[in-house]
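Line by line, the protein sequences give chains A and B. Residue numbers for the first sequence follow our numbering, so the first one is 25 and each next one is one higher. Residue numbers for the second sequence follow our numbering, so the first one is 25 and each next one is one higher.
There may be inaccurate statements among the hints.
Chain copies aren't distinguished; within one or between two, either way the pair holds.
[Said to hold, decoys possible] Computed list of lysine-lysine pairs in DSSO-like fashion (alpha-carbon distance at most 30 Å, straight line):
#: 1; residue 1: K147; residue 2: K300
#: 2; residue 1: K300; residue 2: K227
#: 3; residue 1: K102; residue 2: K231
#: 4; residue 1: K300; residue 2: K226
#: 5; residue 1: K227; residue 2: K102
#: 6; residue 1: K229; residue 2: K300
Keep in mind the hints are simulated off the structure, nothing from the lab.
In case you want the letters, here they are:
2 protein chains.
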Amino acid sequence: MIDVLPRESASIWLDLIETTPSLVFDPAMCRHKWGALTRALPGVTLYYAVKSNPYPDLINTIAAEGGCFDVASSAEIKMLEHQGVHPSRMIHTHPVKTDTEIERAVNSGVTTFVVDNVDELWKLIPYRHVIQVMLRLSFIAPDAPIDLSRKFGAPIQDALSILDVANDSGIQINGLCFHVGSQAATANTHADALATCLELSKKVKEKGLPEIVQIDIGGGFPAHYIGEPVDFDSFCAPIREVLTNAPDHIQVLAEPGRAISAPSMALVCKVIGRAKRRDGWWFYLDDGVYGAQSGRIFDGMHYRMSVFTSSNEQSGCVFAGPTCDSIDELGRYPKFPVLNMNDIIVFHEMGAYTLASATQFNGIAPPAVVNRALPGQIREHRLTF
Amino acid sequence: MIDVLPRESASIWLDLIETTPSLVFDPAMCRHKWGALTRALPGVTLYYAVKSNPYPDLINTIAAEGGCFDVASSAEIKMLEHQGVHPSRMIHTHPVKTDTEIERAVNSGVTTFVVDNVDELWKLIPYRHVIQVMLRLSFIAPDAPIDLSRKFGAPIQDALSILDVANDSGIQINGLCFHVGSQAATANTHADALATCLELSKKVKEKGLPEIVQIDIGGGFPAHYIGEPVDFDSFCAPIREVLTNAPDHIQVLAEPGRAISAPSMALVCKVIGRAKRRDGWWFYLDDGVYGAQSGRIFDGMHYRMSVFTSSNEQSGCVFAGPTCDSIDELGRYPKFPVLNMNDIIVFHEMGAYTLASATQFNGIAPPAVVNRALPGQIREHRLTF
Numbered sequence: 025m026i027d028v029l030p031r032e033s034a035s036i037w038l039d040l041i042e043t044t045p046s047l048v049f050d051p052a053m054c055r056h057k058w059g060a061l062t063r064a065l066p067g068v069t070l071y072y073a074v075k076s077n078p079y080p081d082l083i084n085t086i087a088a089e090g091g092c093f094d095v096a097s098s099a100e101i102k103m104l105e106h107q108g109v110h111p112s113r114m115i116h117t118h119p120v121k122t123d124t125e126i127e128r129a130v131n132s133g134v135t136t137f138v139v140d141n142v143d144e145l146w147k148l149i150p151y152r153h154v155i156q157v158m159l160r161l162s163f164i165a166p167d168a169p170i171d172l173s174r175k176f177g178a179p180i181q182d183a184l185s186i187l188d189v190a191n192d193s194g195i196q197i198n199g200l201c202f203h204v205g206s207q208a209a210t211a212n213t214h215a216d217a218l219a220t221c222l223e224l225s226k227k228v229k230e231k232g233l234p235e236i237v238q239i240d241i242g243g244g245f246p247a248h249y250i251g252e253p254v255d256f257d258s259f260c261a262p263i264r265e266v267l268t269n270a271p272d273h274i275q276v277l278a279e280p281g282r283a284i285s286a287p288s289m290a291l292v293c294k295v296i297g298r299a300k301r302r303d304g305w306w307f308y309l310d311d312g313v314y315g316a317q318s319g320r321i322f323d324g325m326h327y328r329m330s331v332f333t334s335s336n337e338q339s340g341c342v343f344a345g346p347t348c349d350s351i352d353e354l355g356r357y358p359k360f361p362v363l364n365m366n367d368i369i370v371f372h373e374m375g376a377y378t379l380a381s382a383t384q385f386n387g388i389a390p391p392a393v394v395n396r397a398l399p400g401q402i403r404e405h406r407l408t409f
Numbered sequence: 025m026i027d028v029l030p031r032e033s034a035s036i037w038l039d040l041i042e043t044t045p046s047l048v049f050d051p052a053m054c055r056h057k058w059g060a061l062t063r064a065l066p067g068v069t070l071y072y073a074v075k076s077n078p079y080p081d082l083i084n085t086i087a088a089e090g091g092c093f094d095v096a097s098s099a100e101i102k103m104l105e106h107q108g109v110h111p112s113r114m115i116h117t118h119p120v121k122t123d124t125e126i127e128r129a130v131n132s133g134v135t136t137f138v139v140d141n142v143d144e145l146w147k148l149i150p151y152r153h154v155i156q157v158m159l160r161l162s163f164i165a166p167d168a169p170i171d172l173s174r175k176f177g178a179p180i181q182d183a184l185s186i187l188d189v190a191n192d193s194g195i196q197i198n199g200l201c202f203h204v205g206s207q208a209a210t211a212n213t214h215a216d217a218l219a220t221c222l223e224l225s226k227k228v229k230e231k232g233l234p235e236i237v238q239i240d241i242g243g244g245f246p247a248h249y250i251g252e253p254v255d256f257d258s259f260c261a262p263i264r265e266v267l268t269n270a271p272d273h274i275q276v277l278a279e280p281g282r283a284i285s286a287p288s289m290a291l292v293c294k295v296i297g298r299a300k301r302r303d304g305w306w307f308y309l310d311d312g313v314y315g316a317q318s319g320r321i322f323d324g325m326h327y328r329m330s331v332f333t334s335s336n337e338q339s340g341c342v343f344a345g346p347t348c349d350s351i352d353e354l355g356r357y358p359k360f361p362v363l364n365m366n367d368i369i370v371f372h373e374m375g376a377y378t379l380a381s382a383t384q385f386n387g388i389a390p391p392a393v394v395n396r397a398l399p400g401q402i403r404e405h406r407l408t409f
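Bound-form chain A, shown alone:
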């Protein structure tokens, strides 16, 4: 989806930033999405998936809303602590961890961990009296473009035997979790998986194993990349229906990342070079697949564009990023305005899995981030500590 707008209108973006490329963080949008998803999932505790975007002001915005956090590494825990988030508001949901990683997380005060196999269980034995564990199960969402059910998750038919082994080893597994995959088209798989977990929790009780008191329904809540804006309330309806059958003693968790972080940032970049080549006009932008557009490569996403130009001519074109690598190409369009040097392009819904996976290839630093509520100030972002 491409909007073509007058070149002068770019000032609404350019006035916010010092230089291109910049990501503009909108805390109001972040709060709005957090609120909407909270209301769409009443009684569910939301743990923001830090991995999708660890930008400190975004973390602070969610923390101020009373949000909790889903972490995948001790570096993320450290970063959150640096932002004043107490470890009691974090869960560590990575199913595979090094011993060092576990030791650091436990020492920080995080008490909830995830396993999906017995080899991982053994690593947790030294900490069994101070932690609780969730068992990750594998469910396939046929409508999610990113399948997370292959790399992680025990098959449902192995669940009871893993819970048995854990119990024999003195490890308290009292939670179940899953991740149906990213950017799900519907919440049907969430709902089915939640129902299956509720069924399983009955069997667990019948077997006399430690009672299931937590079910984490993971992420997969969509951002608005194409088509109509996402309505969390309708999206979550199938989940709410199953929730009515959940016994009171089971706390339900969710781990939205993309749904919150994607709409909270837009990328402002400009045309820094152009050349007419064999296959049409090439427009070179100051951000590409080694920068914030790394999401195209790692995350498979494409972003809505607003193009600010005074050009009236149209032509076939290729967009490319600023590095000297041939993979750094952003798309081909059979018909596009023939852009001029310094024309502005804003990519929307750019907060998730973009800055988080940016590189420094060619010595080019990732885009600066500007907080829309603090115009003119470039806020430091450090991804590791």
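Fit chain B to the given chain A structure using the hints.
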């Protein structure tokens, strides 16, 4: 290509490092490859392509051999200066640059730049009295897996008109350059393109345009990823043949990156998790496609492996990286030793486009780098300044 070796033999690698994952830099190998390519291309000045691996000790090793440097950004210039390399030993070969980028490079003292279109020429006008420029031409190497002729390079038939425009604008274009693509199977395209440039330089002289005094034959020199080790002497034979026809006043340059940096580093990592899943054993390593293995994604390369294990069993398996993302998968093997926790895998030829494009996704820092000549010391590497 996979070697299976006894688990205890891993000590030859583990003794060099403090922790896994680590990249081990071998300065002797770096010098060896630099020397071999220098001898294979007599009379050609080698400019190491910094983008392939900007690790400071590697830069220092090449600088100590009297090498020159090909840079793609002012950040790379700054980094080289920090290592004591004088700007007179650098050329800036990125065909598309921002005004700021050009200003910074000129202020640093770099005097050679590249263009491939007239829009780029205009940017150089303010500096026309202090710089010289090479015109990048586009040649397609049918045997190079990475085609660099689409994104950059003027078609040969446009060359004289661009040189004309430059001359009228008072910009001195006295060089020609090209890049036939990465990891070329033969140097036939190098040789053909060099011959075409020599022909063109005659026409340039006939037309009374500023004489061509430099031809840069770019990179594309291969590393040893598969098959037999690379013999630079045989590989470069076609280039040497054309060089015998080059007039004395033309200085020939080349920009090897991968051929030098790839063999100079190996990646030592270990199994940090394993699980038997629907599709066989999954082995989780402590480096993956968001780390040094980013070269698999961005650069399309696969690396030779040495596996150190005491396992005798074989099974189908999947290798995966340490992040929670499903794209972080390293390969599937129908038959592989069933590895144990902490078994070691060394990936060879891992110096090019690996560390240079590593991310910090999940808060996981890129692998540490250890200089083999300075065992036990982890050397700082900073990609941007």
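Non-conforming hints, listed in increasing numerical order = Checked against the structure, the hints that fail are numbers 3, 5, while the rest are satisfied.
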